[in-house]
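K.L.:
The chain contents come next:
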Amino acid sequence: MITEALARLGRSGLAALAGIGRAHLLLAGIVAGVPALLPRPRLLLAQLYNIGVLSVLIIAVSGLFVGMVLGLQGYYVLNQFGAEESLGVMVAASLVRELGPVVTALLVAGRAGSALTAEIGLMKATEQLSALEMMAVDPVRRVLTPRFFGGWISMPLLAAMFSALGVLGGWFVGVGLLGVDDGAFWSQMKAKLDFREDLVNGVIKSLVFGVVVSWIALFQGYDAVPTSAGVSRATTRSVVHSALAVLGLDFILTALMFGD
Amino acid sequence: MGNGVPATPTPPSATRNPDARPPIDKGGAAPLVRIRGLCFARGDKMVFDGVDLDIARGAVTAIMGPSGTGKTTLLKLISGQLRPQAGSIEVDGQNVHRLGRGELYALRTRMGMLFQSGALLGDLTVFENVAFPLREHARLPPSLLRRLVLMKLEAVGLRGAADLLPAQLSGGMARRVALARAIALDPMMVMYDEPFTGQDPISMGVLVSLVHQLNDAGGLSSIIVSHDVPETLGIADQVYVIAQGRVLCSGTPEQVSADPDPRVRQFLDGDPDGPVHFHYPAAPLAEDLLGAGDRRR
Ligand SMILES: Nc1ncnc2c1ncn2[C@@H]1O[C@H](COP(=O)(O)OP(=O)(O)OP(=O)(O)O)[C@@H](O)[C@H]1O
Ligand SMILES: [Mg+2]
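Protein chains in written order, with my numbering: chain A, 15 to 274; chain B, 16 to 312.
Everything hinted at is true.
Chain B is nowhere near these chain A residues, computed Cβ spacing over 12 Å in every case: (1) A19; (2) S26; (3) G27; (4) L28; (5) G33; (6) V83; (7) F95; (8) A97; (9) I167; (10) V189; (11) G197; (12) A259; (13) M271.
Where chain B lies over chain A, by a calculated footprint (3+ residues, C-beta under 8 Å): (14) 138 to 144; (15) 147 to 157.
A few chain B positions that, by computed beta-carbon distances, are all more than 12 Å from chain A: (16) A45; (17) C54; (18) Q109; (19) H112; (20) F142; (21) M166; (22) E169; (23) S185; (24) G213; (25) V221; (26) I250; (27) Q270; (28) Q281; (29) L300; (30) E302.
Bear in mind the hints are in silico, worked out from the structure with no lab data behind them.
Glycine included, every Cβ here is placed at the ideal spot set by N, Cα and C.
If we strip away everything but chain B, and leave its shape as in the complex, we get (with noise of 0.2 Å):
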C-alpha cells in the first residue's frame, strides 16, 4: 500500500519551509481523527485503497482533490455513516465503526457537519433549523436558546432570514444556515463539505474569516473538503490531496504548493489534461460515438 505515494500520515518534517505555519500537534497531542488502512468500495469501484491521514486537534485540515475522488465519501466514513471494508478510524481515540449506536451518537453531538447539499429539514424555519440540535440535546431556557440561535445566524449574515423556509433560500445561503446548524452545539470538530461553493466573494470572505475565528477561539479542529484551491490553501494548516483513492500528498499549504508530482500540480493548477483524467473512466470517445460497442442506447 502507498507505493511510491507520500501518503505519510506524520505531518512531514517542516525544515523545507521556514516560514511554515506554528506547529499544529500542539504538545504533540494524540490526533483528533487517526485513519489507518481505510478502504472502501462502492460496488466494483475502489473508492479508497489503503489511506492513511491523521486530522491534528485544533487545526484546520484541508481536503482536497478532483471531483468524485470520495471526499464526501470520506466524511461520512469519519461520521460513522458509511463502513469501511477494511481499515480503522479512530476520533478521539474511539473506534467509529466499534461503537455502539448511543455511543457513537454521543460522539456524533460533539461533531458538526456541513453537508455538500446544505440538508435543512424542510419543515422548520431557519431558526427552528439552527435551533434543532439544541433543542433536542441541550436543555435551555427559551430567552437563552433564541439568543445563542440568533447569534449563530448573525454569524453568517443571515439573522435577517430566521423566518423563511429552507425553500426560499439560494443555494449559499441554505449552505451558510446549514454551517450555523453545524455550529450550534459547539462541537469538538466541524466538517464542512465544499462550504465556498455558490458563495459570492463577500460571502466567501465572511466565511473564511468565520472558519479562522472559529479555530483560533475554540480551538474548534475543522475538516475542509473543497475544490477552491486558494480559499482552502488559504486558511489551512494541513493539506491532503486525495485523488484515485490514494493520498497524493501532505503537509502544510506551502508544501502542498511546492509538490512536484505531476498529479498534485495538474490538481493545483487547473490544467485539463495530465496524469489525473477529467473523465470519468469510459472507452475511447471514437468508439462510443462510432457505435463500435454493443452498447443498448
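Next up, chain A with everything else stripped away, as it sits in the complex (with noise of 0.2 Å):
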C-alpha cells in the first residue's frame, strides 16, 4: 500500500520533471527561430492582431471598472482620514504597480491563451503540424514563434491600456461622482508616482507574465495528447497554470522590487 503510494507519487514527480524538461527545450526551440521571424514581420503581426487586438475590448472594459471600483472603495477609506486628495495616487499605484499587470495577465490567459493552447493542440490532432514537418518546415519555428512573441509583446501594452483607463474609471468615480478636487487628484498622482518604482517595475511585471501566459499555452497545447479530450484538458490547464503562475511570480516580483 505505501510503497504503492510512494511509487506513483514518485512517477508522477518524475512525469512533472520531464514536463519541465520538454517546456524549457520547447521555449529554446522558440526563442531560436527568432532569426527565421525577423524577416517575415507578416507573420509577427497578425499574432499581435489576434492576441493584442483581439483583447483590448475585454481589457479595456474591465480596466474601467477596476478603477470605478478603486475609486469608489479608496475613497470611502481615505475620507475617514480627511485624505480623499491622496484618492489619484492610490488609484494610479494600485492599478500600475498590480492590478494592472496581474488581472490583464489573469484576462489575457483566459482570452488568448486558451485560444493559443486550444489551436495548437487542434493542429496537433489534425496532423497539421505533422505535415509542416513533413513539408520541411519546423512548426515550432514558424507557428509558435510568432504566437509567443506576439503575446509577449501585447501583454505590457495591454496592462498599460488596462492601468489607463482604471485611472480614468477611479478619476469618473472620484472626481466626477464623489466630488474630489480635480486638480488634487491628478497634482498628487504626478507627485507621488515614481517613475522607476511604479512605473518601471510595472512595465517588468508585465513582461515577464508575458512569458510565463505565452510559454504555458503554447507549451500546453504542443504538449496535448493529440485528441478532442487532449486538447480540452489542456485548455483547463492552460488557464489554471497560468492563473497560478502569475500570482505566484507576481508575489515573488513584488517581495524583491519593493521588499526593501
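Take the two lone chains, each set in its own frame, and fit them into one complex as the hints suggest.
P.N.:
Shown next as C-alpha cells:
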C-alpha cells in the first residue's frame, strides 16, 4: 500500500520533471526561431492582432470597472482620514504596480492563452503540425515563435491600457461622482508616483507575465494528447497553470521590487 | 527473423509470370528506399518485428495490409517522423535517422506525403495550402506561382475550389487538395496514405491515372498505402503485403495475386475469418460479456 503510493508519487514527480524539461526545450526552440521571424514581420503582425488587438475590448472594459471600484473603495477609506485628495495616487499606484499587470495577465490567459492552447492542440490532433514537418517547415519556428512574441509584446501594452483606463474610471467616480478636487487628484498622482519605482516595475512585471502566459499556453497545446479530450484538458490546464504562475510570480516579484 | 515468411527484399524473379511488367529496377540501380531489420514498438505492442523492404526508383510500390498493421506508421518511419527501435532506413542512400535536422529537412523537400486525414492547414485557403511549400522553399515570381498552383489544382480537378477553406471541403476533396500539395514541389517520391478512400468512382479513376501519369512523366517514385485491392494492384509495379509486424509476401501484382499463403489470400479475397484476425487481440467475447474478467467497466 505505502510503497505503491510512494511509487505513484515518484512517477508523477518524474513526469512533472520531464514536462518541465520539455517545456524548456520548447522555449529554446521558440527563441531559436527569432532569426527566421525577422524577415517575415507579417507572421508576427497577424499574432499581435489575434492576441493583442482582439483582447483590447475585454481589457478596456475590465480596466474601467476595476478603476471605478478602486475609486469608490479608496474614497470611503481615505475620506475617514480626510485624505481624499490622495485618491489619484492610490488608484494609480494600485493599478500600475499590481492590478494592471496581474489582472491583465489573468484576462489574457483566459481570453488569448486558452485560444492558443486549443489552436495548437487541434493543429497537432489534425496532423497539421506533422504536415508542416513533412513540408520541411519547422512547426515550432513557423507556428509557435510568432505566437509567443505576439503574446509577449501584447502583454505590457494591454497592461498599460488597463491601467490608463482604470485611472480614468477612478477619476470618473472620485472626481465626477463623489466630488474629489480635480486638480488635487492629478497633481498628487504626478507628485507621488515614481517613474522607476512604479512604472518601470509594473512594466517588468507584465513582461515576465507575458513570457509565462504565452509559454504555458503554447507548451500545453504543443504537449497536448492529440485527441479532443486531450485538447480540452490541455486548455483547462493552460488557464489554471497560467493563473497560478502569475499570482505566485507576482508575490515573488513584488517582494524583490518593493521589499527592502 | 523472417522464419518461413517470404520476406524477400529483392524483387523475386519474374520467371513465373512471363507477362509481368517491365523490370522495375532500371539498370539495377540501388533502391530509393532500403529498409533492413526494422523493429518498432508502440508501448508494449510490437508494430514491426524485423521488416526488410525495398522501394524501387521510378516505380509504384504498394504497401497493403489489414487496418492497424502499421502502414501509416511505416510511412512515418520512412519520413523520419518516428524513430525505429532497431534497424535502418535509407532513402536515396541516406540513413534517415542519422541525419541532422537540416539534412533531414533537405531530404523532406524531395518527399511528398499525402496524409490519411489530409492535414490541410485550417487557416489557409485551398490555394494557399497548395502554394505553401512553394512559398517556403522556392523563390518564384507571383505570376508563376499562381500558374503552378492552379495547374496542380487542375490536375486533381479542384481549380474551382481554390478560394474555399479546408473546413468547406468534403473528406475526399480535402484529400485531393492534399495530393496537389504533396506534389507541389515536384518531389522525387510521394507517399500516398490511402489516396482512394472516400473517393467516388469518377475521382478514383482520375486519381489512379494521375498517380500513373506522375510516375511515367516525372520519373517519380510512389509508395501507395491502401486497402483498395483491385485499384492498387492495378497500378502497382511492386506490392508488399504486411501483417502482424512482418512482410507476408512481395512481388509484382500478378505474383502476389497468385500467392498461396492463406493469410495473403484472406486479405486479398476479403474473407472475414482465417489466419488473420479481423478483431484486435482480446479475451474471448463470451468471457467479456459474462463479466468473467475483473475489468473495471
Ligand atoms: N499514437 C499512437 N500511440 C499508440 N499506438 C499507436 C499510435 N498510432 C498508432 N498506434 C498503433 O500502431 C498500430 C499501427 O497503426 P497505423 O496507424 O500505422 O495502422 P494502419 O496500418 O495505417 O491502419 P489503417 O489502415 O487503419 O490506417 C495500431 O495498432 C495502433 O494501435
Ligand atoms: Mg493508416
